[in-house]
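Below are the chains, spelled out letter by letter.
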Amino acid sequence: MTAGCIYAIVAVGFTIIYNTTGVINFAQGEFVMIGAMVAAVLMAKFSFLVAFPAAVLAGCLVGAVLAGFVLIPLKRAAVLTLIIITIGASIAIQGIAQFLWGETAIPVPPFTGIPGEGFVEDRSFHLLGAVIRAQELWVVAVTALIVIGMTLFFRYTLIGQAMRACETNPAGARLVGISVRRMVVLSFVMAAGLGALAGLTVSPVFYARVNMGTALGLKGFCAAVLGGLGNFSGGIIAGIVLGIVESLTGGLLWSDYKDAVAFVILLAILLIRPEGLLGRKADQK
Amino acid sequence: MSVAASPDSRNVSRKAVRRLDAATAAPFVIFLIVYALVPRFAADKELTMLIYIGINTMLAISLNLLMGYAGQVSLGHAAFFGLGAYTSAILTVRPIPAEVIPGLGTGLGVAAGCAVFTSLTRASGARLASAAAAMVALAWGSQAVHLHPAAVLLISAAGMAAFAAAARSGALMGGASGLTAAVVTLLCQHLLAGVLQRGGASPWSGMVAGVGFSGLVAYLLGGQVLRLKGHYLAMATLGFGVIVEIVFRQWTAVTGGSSDGIFGIPVMRAEWLGGIGRMTGVEVSPRVEYYYLVWAFVFVCLMLGVNIVRSRVGRAFRAVHGSEVAAESLGVDTSRYKVQVFVLSAGIASVAGSLYAHQAGVGYIHPSEFGFGVSAQLVVMVVVGGMASIWGALLGATTLQLIKTWLLGLEKTQHTLFGLTLTGLEPIVFGAVLIGVMIVMPQGLVRGVSDAAAAALRGTRRGRPGGSG
Chain L
165 MTAGCIYAIV AVGFTIIYNT TGVINFAQGE FVMIGAMVAA VLMAKFSFLV AFPAAVLAGC
225 LVGAVLAGFV LIPLKRAAVL TLIIITIGAS IAIQGIAQFL WGETAIPVPP FTGIPGEGFV
285 EDRSFHLLGA VIRAQELWVV AVTALIVIGM TLFFRYTLIG QAMRACETNP AGARLVGISV
345 RRMVVLSFVM AAGLGALAGL TVSPVFYARV NMGTALGLKG FCAAVLGGLG NFSGGIIAGI
405 VLGIVESLTG GLLWSDYKDA VAFVILLAIL LIRPEGLLGR KADQK
Chain C
5 MSVAASPDSR NVSRKAVRRL DAATAAPFVI FLIVYALVPR FAADKELTML IYIGINTMLA
65 ISLNLLMGYA GQVSLGHAAF FGLGAYTSAI LTVRPIPAEV IPGLGTGLGV AAGCAVFTSL
125 TRASGARLAS AAAAMVALAW GSQAVHLHPA AVLLISAAGM AAFAAAARSG ALMGGASGLT
185 AAVVTLLCQH LLAGVLQRGG ASPWSGMVAG VGFSGLVAYL LGGQVLRLKG HYLAMATLGF
245 GVIVEIVFRQ WTAVTGGSSD GIFGIPVMRA EWLGGIGRMT GVEVSPRVEY YYLVWAFVFV
305 CLMLGVNIVR SRVGRAFRAV HGSEVAAESL GVDTSRYKVQ VFVLSAGIAS VAGSLYAHQA
365 GVGYIHPSEF GFGVSAQLVV MVVVGGMASI WGALLGATTL QLIKTWLLGL EKTQHTLFGL
425 TLTGLEPIVF GAVLIGVMIV MPQGLVRGVS DAAAAALRGT RRGRPGGSG
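Protein sequences, first through last, are from chains L and C.
Residue 402 in the working numbering sits at position 238 of the first sequence, with consecutive numbering throughout.
Residue 462 in the working numbering sits at position 458 of the second sequence, with consecutive numbering throughout.
To be clear, the hints were calculated from the coordinates, so they are not data collected in a lab.
All of these numbers come straight from a predicted model, not from anything done at the bench.
Just so it is clear, CB atoms sit at the ideal spot from N, CA and C, and this is done for glycine as well.
Accuracy of the hints is not assured; some may be wrong.
To be verified - Label-pair distances were calculated between CB atoms; the ranges are:
1. LEU309/L to LYS233/C: 29 to 37 Å
2. ILE312/L to GLY216/C: 51 to 59 Å
3. THR315/L to LYS233/C: 27 to 35 Å
4. ARG345/L to VAL104/C: 53 to 61 Å
5. PHE45/C to VAL229/L: 41 to 49 Å
6. VAL444/C to ARG319/L: 37 to 45 Å
7. LYS233/C to PRO217/L: 35 to 43 Å
8. ARG338/L to VAL366/C: 55 to 63 Å
9. ALA460/C to VAL229/L: 27 to 35 Å
Please model the entire structure based on the sequences and the hints provided.
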C-alpha cells in the first residue's frame with residue numbers, strides 16, 4: 165500500500181510532463197531519489213522545517229535544469245532523441261548524487277516518532293489485526309493531498325488549463341497567448357517537486373539510497389501505462405493496485421520475483437491493451 | 005532515407021562481394037592488416053582492453069542495425085547479451101539440476117511451438133496466449149502420466165489440431181505447432197537431459213545453442229512487442245530487459261544467482277587463428293589467441309552489417325525507419341522485416357555474450373553485467389558512434405572504452421576537486437556525453453564531425469576562391 169502510493173505519485177509526475185509535452189521522462193524516479201536524499205542529509209543537521217522545503221526545492225531546481233535540456237531540441241526532435249536525453253539525464257543525476265552522497269543507505273527518522281535513545285522509533289497502530297506504522301498513514305495522506313491538489317489545479321486554475329491546452333494543441337495554445345515554453349518548464353518543475361515530496365515522505369519507510377530512483381521510476385511508469393498515459397485518476401488507482409498486487413505476490417507466492425511482477429504486468433498491458441485499463445482508445449500514439 | 009532503390013544497387017545482395025567498390029573495401033583491408041599486426045605491439049593489458057572493445061563493437065553493431073537503421077528502440081538489449089553468455093556458460097560448466105529439467109523442457113517446447121504457431125498463423129494476443137496455454141497443458145499432462153513419447157506426439161498433434169480448428173486458423177498449422185512443442189519437449193527431456201544435467205558441452209556448441217535460444221526468444225518477443233511504437237516500445241523492451249536480469253539474479257538453481265554468479269567457465273579455443281600471430285612472429289598466448297578470435301567475429305559482423313545495409317533487406321529496414329506507413333503502402337512487409345532485424349540483432353548480441361563468457365583469463369559472469377545499465381551504455385555507444393553507421397559502432401565502442409579507462413586512471417590517482425575525491429565519475433560522464441551528443445550532433449560523431457568538416461570546407465572555399473580547400 166505504501167509502495168503503491170509512491171508509484172501513484174510517480175505516475176502523476178509522468179502524467180504531468182506527458183500531458184504538457186508528450187515526452188516520457190525517464191528521469192522521474194531520480195526526482196524521488198533527490199527528495200529523499202536531500203531530506204535525509206539535511207535532517208541529520210537541521211530540523212524538518214528546513215529539510216523538507218529544501219528537498220522539494222532541490223527537486224524543482226533539477227526539474228528546471230532538465231527542462232532546459234529537453235527544451236533545446238524539443239521542436240525538431242524525434243521521440244528517440246527525447247527518450248535518450250532523459251535517460252542520459254537519469255544516469256547523470258544518479259551519478260552526481262552518488263558522487264556527492266555515496267552509496268550507503270541513510271535512515272530517516274519518521275515524521276511523528278517517539279524519540280528514543282539513538283534511534284527514533286515510529287508510532288504504530290493496530291487496526292483490524294494489522295500493524296500500521298504512522299509513517300504509512302503519512303504517505304497515504306500526502307498522496308491524497310497531492311491527488312486533490314492536482315485535480316483542482318488542472319481543472320480550475322488558469323495555469324492548469326493553459327497547461328492542458330499546450331498538450332492538446334501547442335500551436336493553438338501559442339495563438340491565444342500561452343507561452344508553451346514556460347508551461348513546459350513549469351510542468352517539469354511541478355513533476356520534480358512532486359517526486360521530491362514523494363521521496364521525502366517515503367524515506368523513513370524505505371531509507372534514502374542513491375539508486376532507489378531507477379526502480380521507483382520504472383514502476384511508476386508501469387502504473388502510468390496501466391492507468392492509461394495521460395490519465396491522472398487512472399495512474400493513481402493503477403499505482404495503488406500495483407503496490408498491493410506486488411506485496412501480495414511477494415508475500416504469498418515467490419518473494420524472489422516480487423520485483424518482476426510490475427514488469428510482467430507492464431508487458432502484458434502493453435501487448436493486450438496499450439491504451440491502459442482506464443484509458444481511451446484515442447490516447448494511442 | 006529514400007525508399008525507392010536506385011537501379012544500380014538492386015543486385016547488391018547477390019553480388020555483394022564483387023560489387024564492393026574500393027571505397028567500401030578499403031576500410032576492411034586496413035582493418036585486416038591492423039588486425040593481424042596488433043599483438044606485435046600490444047601488451048597483455050591493451051589486448052584485454054581490445055577484447056572488450058571487440059565485444060562491445062559487436063553489441064553496438066547489433067543494436068545499431070535495430071535502432072539506427074530500422075528505427076526500433078531497444079532499451080533491453082543487454083538481455084540478449086546475457087542470454088548468450090548464460091546459455092553457453094551453463095551448458096559448459098553448470099549442470100542443470102534434474103528437477104528443473106522437466107519444467108525447462110516444457111518451457112522450451114512451448115516456446116518453439118508458439119514460434120511455429122505465430123509464423124504459420126500470425127496469431128497474436130489472446131489467440132497466441134490460448135494456444136500457448138493449450139500447449140503447456142499438453143506438455144505438462146503428458147509428463148504427469150508418463151506416456152510413451154510416440155503417444156505424446158500423437159495426442160499433442162491431435163489436441164492442437166482440434167484447438168486450431170476451433171480457433172478457425174487452420175488445423176494443419178495448429179497441428180504443426182503442437183507437434184513442434186511436443187517434439188522439443190521430448191527432446192529436452194530425453195535427449196538433451198543428459199547434456200543439460202552433465203554440463204561440459206564445448207564453448208562452440210554453447211555459443212550455437214545461445215544463438216538459437218536468443219533467436220527464439222527474440223522471435224517470440226519481437227512478433228508481439230514490435231507492433232508498439234515510440235515510448236511504448238522503449239518501455240516494453242526495458243521491461244523485458246529488467247525481467248531477464250531478475251531471472252538471472254533469482255533463479256539460483258540454474259544461473260547461480262546474484263551472490264555467486266558462474267565460475268570456472270572454460271576458454272573458447274581457436275588455435276588456427278593463433279596461426280596468424282605466429283606468422284607475424286608473436287608468441288601466441290591464450291590472450292593473443294582470444295584477441296584474434298573476438299576480432300575475427302567483429303570482422304564478420306562488420307561485413308555482415310555493411311552488406312545487409314546495402315541489400316534489399318537493408319533498404320527495407322531504412323524504409324521502415326523513414327515511414328512505416330509509406331513503406332507498407334509500397335509493399336514492404338514491415339512487421340516481417342522488423343521481426344527479422346530483431347532476431348538478427350539478438351543473435352549477434354548472443355554471440356557477443358558467449359565470447360564475453362568464455363574469455364581467456366576471466367571465466368566468470370555475474371547478473372550485474374547484463375542489467376539496465378549495460379543496455380543504457382549500449383545506447384550511448386550507438387549514439388556516440390552515430391545512428392545508422394556500421395563503422396560508427398566501432399568508433400562508439402572504442403570511445404566509450406577509452407573514456408572508461410581514462411576515468412579509472414583518474415580515480416586511481418586520487419585527484420580531488422572542491423575537496424571531494426573523484427570517484428564514480430563514469431555515470432556522470434556517460435550521462436553528460438549522451439545528452440551532449442543528442443543535442444549537439446544527433447547524427448553521432450562520425451556524421452556530425454564529417455558534416456561540420458564539410459561545412460567548414462565549404463566555408464573556406466567560399467571565403468577564399470582558388471584556395472587549396
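Cross-check of the supplied hints:
no.: 1; hint: LEU309/L to LYS233/C: 29 to 37 Å; verdict: holds, 36 Å
no.: 2; hint: ILE312/L to GLY216/C: 51 to 59 Å; verdict: holds, 55 Å
no.: 3; hint: THR315/L to LYS233/C: 27 to 35 Å; verdict: holds, 30 Å
no.: 4; hint: ARG345/L to VAL104/C: 53 to 61 Å; verdict: holds, 57 Å
no.: 5; hint: PHE45/C to VAL229/L: 41 to 49 Å; verdict: holds, 45 Å
no.: 6; hint: VAL444/C to ARG319/L: 37 to 45 Å; verdict: holds, 40 Å
no.: 7; hint: LYS233/C to PRO217/L: 35 to 43 Å; verdict: holds, 41 Å
no.: 8; hint: ARG338/L to VAL366/C: 55 to 63 Å; verdict: holds, 57 Å
no.: 9; hint: ALA460/C to VAL229/L: 27 to 35 Å; verdict: holds, 32 Å
Checked against the numbered hints given earlier, this structure breaks none of them.
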